[in-house]
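Engineer: With these hints in hand, go ahead and build the complete structure from the sequences.
For reference, each letter of the sequence shown is one residue, going -20 to -1, 1 to 203 in mature numbering (1 follows the signal peptide of the UniProt record, and there is no 0).
Since the hints were derived computationally from the structure, they do not count as laboratory data.
Be careful, since some hints might not be right.
Beta-carbon label-pair distances, calculated as ranges [what the hints assert, rightly or not]:
(1) Gly140 - Glu179: 35 to 43 Å
(2) Ala180 - Arg105: 13 to 21 Å
(3) Pro56 - Gly129: 28 to 36 Å
(4) Pro186 - Ser100: 18 to 26 Å
What you are looking at is a predicted structure, and each value in this text was computed from that prediction instead of being measured.
C-beta: ideal position from N, C-alpha, C; glycine also.
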Amino acid sequence: MLMRFLLCCGLATVAPSAQAMTLYKSTDANGLVFFSDRQTPGAQAFVIQERRAERAKPPVRPLPERRYPQQAYRYPLPWRGGPFRLSQGPNGSFSHTDAKSRYAMDIAMPEGTPIIAARSGVVVRTENGQVGRGSDASGNFVRVRHDDGTEGVYLHLKQGSVSVRAGQRVAMGSPLALSGNTGNSSGPHLHFVVQQSTEAGLVSIPYEFNQPVGTLPNFALGN
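Structural biologist: The structure is reproduced here in structure tokens:
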């Protein structure tokens, strides 16, 4: 009977489908204790509740991090007036061949065209006194460092026309200078390039204007 009790207890413990069980404890005249599933006069009842086996819960897997493509900044046209034409684009055959100017764009425009900031930032360097080709291939220029660390550079500006100074913060659309034909320039135009500082120095990086420039008319031809 004792073995039967232990077996019943074991089944009640591990069997997920077992029901609640009542056992009866009684003591005979010799003091021996017996357990039975049948009730006898004077027996003490014990109710053994069913233990339901719990299914292991699958581990909670973190949701994959959602990555959204970063939208590249599209630059407003950095001049007033026009329309003007793109005279040399990225990887141009004439001069856009080195790391600093590979992705630059040259916009042919009459000398004296207002040049404005294509993006807000802090002016970090200017040149304003160069005449003609001078000693610097960039001619007169303005360099603006944007809040993301990139720098917009406006080259070949008219002598004496630069209206900003180093350390000055400019907003998008702020006047910077007038276009010119200084430095290594084959004709009146604006050379605009966006650069990033690297261990190897400043390098040009790809950018886009927020308006198409490849099909703009040629002002020199009057169309």
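Engineer: All hints, please: hold or fail.
Structural biologist: Hints versus structure:
| no. | hint | verdict |
| --- | --- | --- |
| 1 | Gly140 - Glu179: 35 to 43 Å | holds, 37 Å |
| 2 | Ala180 - Arg105: 13 to 21 Å | holds, 19 Å |
| 3 | Pro56 - Gly129: 28 to 36 Å | violated, 20 Å |
| 4 | Pro186 - Ser100: 18 to 26 Å | holds, 20 Å |
Checked against the numbered hints given earlier, the structure breaks only hint 3 and satisfies all the rest.
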